[in-house]
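Protein sequences, first through last, are from chains A and B. For the first sequence, this note's numbering assigns the number 1 to the initial residue and increments by one for each residue that follows. For the second sequence, this note's numbering assigns the number 1 to the initial residue and increments by one for each residue that follows.
Treat the hints with care, as some may be off.
Dumping the calculated SDA-like pairs for lysine to any residue here, alpha-carbon to alpha-carbon at most 25 Å [said to hold, decoys possible]:
{"id": "1", "chain 1": "B", "residue 1": "K86", "chain 2": "A", "residue 2": "A36"}
{"id": "2", "chain 1": "B", "residue 1": "K89", "chain 2": "A", "residue 2": "L89"}
{"id": "3", "chain 1": "B", "residue 1": "K261", "chain 2": "B", "residue 2": "S294"}
{"id": "4", "chain 1": "B", "residue 1": "K89", "chain 2": "A", "residue 2": "L82"}
{"id": "5", "chain 1": "B", "residue 1": "K86", "chain 2": "A", "residue 2": "A78"}
{"id": "6", "chain 1": "B", "residue 1": "K89", "chain 2": "A", "residue 2": "L76"}
{"id": "7", "chain 1": "B", "residue 1": "K86", "chain 2": "A", "residue 2": "E69"}
{"id": "8", "chain 1": "B", "residue 1": "K255", "chain 2": "B", "residue 2": "T9"}
{"id": "9", "chain 1": "B", "residue 1": "K86", "chain 2": "A", "residue 2": "L76"}
{"id": "10", "chain 1": "B", "residue 1": "K289", "chain 2": "B", "residue 2": "I242"}
Computed beta-carbon distance windows for the label pairs [as the list claims (entries may be wrong)]:
{"id": "11", "chain 1": "B", "residue 1": "N336", "chain 2": "A", "residue 2": "D74", "range": "23 to 29 Å"}
{"id": "12", "chain 1": "B", "residue 1": "E68", "chain 2": "A", "residue 2": "S32", "range": "56 to 62 Å"}
{"id": "13", "chain 1": "B", "residue 1": "R37", "chain 2": "A", "residue 2": "V93", "range": "52 to 58 Å"}
{"id": "14", "chain 1": "B", "residue 1": "P7", "chain 2": "A", "residue 2": "H54", "range": "28 to 34 Å"}
{"id": "15", "chain 1": "A", "residue 1": "I56", "chain 2": "B", "residue 2": "G292", "range": "52 to 58 Å"}
{"id": "16", "chain 1": "B", "residue 1": "Q388", "chain 2": "A", "residue 2": "V67", "range": "42 to 48 Å"}
{"id": "17", "chain 1": "A", "residue 1": "A48", "chain 2": "B", "residue 2": "T258", "range": "23 to 29 Å"}
{"id": "18", "chain 1": "A", "residue 1": "V67", "chain 2": "B", "residue 2": "N336", "range": "36 to 42 Å"}
{"id": "19", "chain 1": "B", "residue 1": "T148", "chain 2": "A", "residue 2": "Q61", "range": "28 to 34 Å"}
{"id": "20", "chain 1": "B", "residue 1": "A487", "chain 2": "A", "residue 2": "E84", "range": "46 to 52 Å"}
{"id": "21", "chain 1": "B", "residue 1": "P301", "chain 2": "A", "residue 2": "L62", "range": "37 to 43 Å"}
Since the hints were made in silico from the structure, they are not lab data. Just so it is clear, CB atoms sit at the ideal spot from N, CA and C, and this is done for glycine as well.
In case you want the letters, here they are:
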Amino acid sequence: MSLSTADLLRVARLARLQIADHEADTYAAQLSGILAHFSLIGEVNTDAIVPLAHAIETVGQLREDVVSEAVDRDQLQAGAPLVENGYYLVPRVIE
Amino acid sequence: MTHPDYPQTLAAQSVALAEGQFSSVELTQHYLERINRLDGQFNSFITVCPDFAIAQAAEADRRRAAGENGALLGIPYANKDIFCTKGIKTTCASRMLADWQAPYDATVVERLHAAGMVMLGKTNMDEFAMGSSNETSWFGPARNPWDTNRVPGGSSGGSAAAVAARLAPVATGTDTGGSIRQPAALCGVTGLKPTYGRVSRWGMIAFASSLDQGGPMGLTAEDVALMLNAMTGADRRDATSIERAPENFMADLGKPLTGLKVGVPTEFMDAGLSPAIRACVDVTASTLKQLGASIKEVSLPNAGVAVPAYYVVASAEASSNLSRYDGVRFGHRCENPVDLADLYSRSRGEGFGNEVKRRILVGTYVLSAGYYDAWYRKAQQLRRLIQQDYVAAFNDVDVLLGPTTPNTAFALGENIADPLTMYLSDIYTTGVNLAGLPGLSMPGGFVDGLPVGLQLIGNYFDERRVLQVAHQFQQHTDWHSRMPVAAE
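Chain B with its partners taken away, still in its complex shape (with noise of 0.2 Å):
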């Protein structure tokens, strides 16, 4: 039998599944089938592995029949790769780790898979989730599902790529300053960044452990829920994971938004913000407050320093952390290098492309003799008062609502050149991964053609309230399901 209309979201498949419609087999072909056609174009995909997939859709199979019925069961997935993967590899998109297989599975991993999910293959990515374009993977850039001449972000971008593109219902992401949020909003999916410590970083390769969180990627806010279920709890193995009691992120969703209190930082709104996307803001404002809620300004006075106090910090965390790539161990090794010293030096040299090592030099610099306290340790005050004026704002309010970028997916190669540029279009999103709080961006209207991605950002833990206005938005909007021309 054949189903030439499978359902887009992970929920309507998840209910298909369980009814027999279709099987997990069936589904898994059907998307390596869209991944083989379709792919070529977008380049969201580092490692496709069919054989796994299809090993693994058929335990689901084999597990159904003897009658579990869990929500994830059968259901793919693309997995940013970032998370290691016994048995397939992970590159974390770089030269250092192109043929890097990891002996064990990540803890997000490890859940995912234990719940029946069915891993497709490894997405494209910056390399070392250091980008917000895509474009620094050593596998050359993925593109955006709705230009290809347009970045679809980063550091995430493949994963956000892939959903778009309806290569994968739902996709792991990382979101150390953004990387999750910001390639949502220039696909138009939803990506959810948890609140720091919720979800398990053991296995998931470092940049800047203090700020690395991660989350789902979805085409809906209860997809991105029905995955958090899955991803979340303490892990012995990861110390900053959090031991909280368990909870189901899909509980509030269908309550209706009466008496919330939504409050839109002003200085998101400001000159830097594209005007077409501050009209998307109001409207979404709008539609919010005919929902129930109120709407009021709050202020983040030290928001305009968040990009350079996270940099700073990210920075610092990933030059020591990049340290274990010595060409010894693993990853890759010069040839004949003439001495230790030169065998460290040029492996990382050739392994690391230009990106990794201007945040590796930043990183050192700023930790350096002489010049700690005035940029790390200035840094590391500035994040203590950013997280002051984010637990001010939730004083006031319940969510804050904002742009998730300043402008919509830009052309691939306009800033390449230019790092700084690069690092500005996360002027709304590196504040929250330094506060450490729970970020969705979802998809909130279109410019000329290109999604238009809108931030919630929650109080500590409060991804269900995050959740519950981005569901309740959905329900009133159809900006979610929307599909690019070169995924039919």
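This is chain A alone, in the form it adopts within the complex (with noise of 0.2 Å):
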């Protein structure tokens, strides 16, 4: 199992993450030491295994669809890096 550093930033790039190009190589080479062990996990037949998503498996629970509480959108965006009348600012999207 190994990863080019193409792989890496590809993948790099999906996750919105950015690498240093200096790093990439060995975070590719950090990758591919653990995906080769993890590659263990190939080895085991699982044929008819249905997946298991959460260990406890219960139906999910519903409730009545009321208001519980306020928002107060003040104190919610008091830790956002940049917002104005209310608004989080971000960089021009359209020109």
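Could you fit the two chains together into a complex? Lean on the hints.
Following this line, the structure appears as structure tokens:
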């Protein structure tokens, strides 16, 4: 199991995660080593085994759809890096 | 009046507070003074909140004066910095959240504070709970009170170190792949990961949602049981929390172990285990036998793939959960982004440390087109096989006994450059999370001056049994009451 630097950068782009060029080789080598060990899992026969997403398989819980708490916008936005008039500011998307 | 010798356990403090031997304010000041004097060498707290704590303690004293007498009323605790706390910053030990203040309290925090507990501060941890050594913290590593050149374990390393150093009688932790049990083992304290769903995850910053579970850490099983009483219960804000009749986790502590069937998984005792720790497991099995239990070997045939299956599932869930850190709504934002894509990727690249990036990359990879079936789906199939192994074992025995970790605490820096070696230190703990079972680590010996942790694994919702076994063991041993010299 080997991940090239190009593969690594493709995955990083999918994750919207900047990896510096000088670090990409290191991450690619580390991930290759990790995935090589993890490929152990391919050796176990799992034919007809239903995947388990959740250890406690319960049914979803329903509740009345009623307002239970007030949302204080100012308080929620207090931790935001940049807001204006209640809006989150980001770089211009449409020229 | 001064009280130079405050009792160390929550249970003893609870009695002393009820008898009026000292007040919660006095007890809280005692711990704040210890933190101030000693924590420079352990770095177990990210934030200490003396004013907040003293105010809570004074309120607890008022409640007691008004007639209340709950077991946790006025007891100080250390809170892992993954639980949201209104008014006190919550960092998850990440640059991403280094200055973040949560707009609300986590359910666990609400419940502990409603019971009258006093929060001394927020403890150090691996960044976003990803790590087994506490070395990935943005705020620097916490150190092991038994040897400050060694790691306290992780991710709840600050909580374990704080309890071991008697900087708090008890602490909160969270356990996704061993993050309560492994640091408890390495620091010589007792920690319990409850059955998945016992403890609400609301306000507990998400790492891997199908595995994350909060739980208590303390010096004894009795203290852990007392704290668990206040932490559990259904919460409509966490749809995976489980509705069950209220239980008193103290109820079975005093019952003898006569007739108890203990299984020792052969796969946990193989060549990967340090011989000295294997000897501690054997001695503990003999002790339990003397206390009336029977011991038999059991098999968990898929234990060998628990670590890779766990890391695939956990990283996949983490890559999804951590997509919320986008530099827009909260957390770190890069300077002068040129466009939205740059804002996202550079804020994340700057805000996350190396281990978190590795997990996001692994998780994104195993979920990406063309790889999903071979990795993520396969790991989920193994998850079922691992669960079935445990279910089969519990048809034969009441509780499982084994090591918590393959080795005692390792040196700072020893494994940090080698992520795979670090992952393999979770070899005995990850399967329990995949299966959703309760697991406890308790002190069970020392090797070269370092504590050894032993793991007890229970059947679903059988925390009472696990706590009973640990408590009975602690009535006949004194490993749990040993104190590191650096904490004196």
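Which hint numbers doesn't this structure obey? 1, 10, 14, 15, 17, 19
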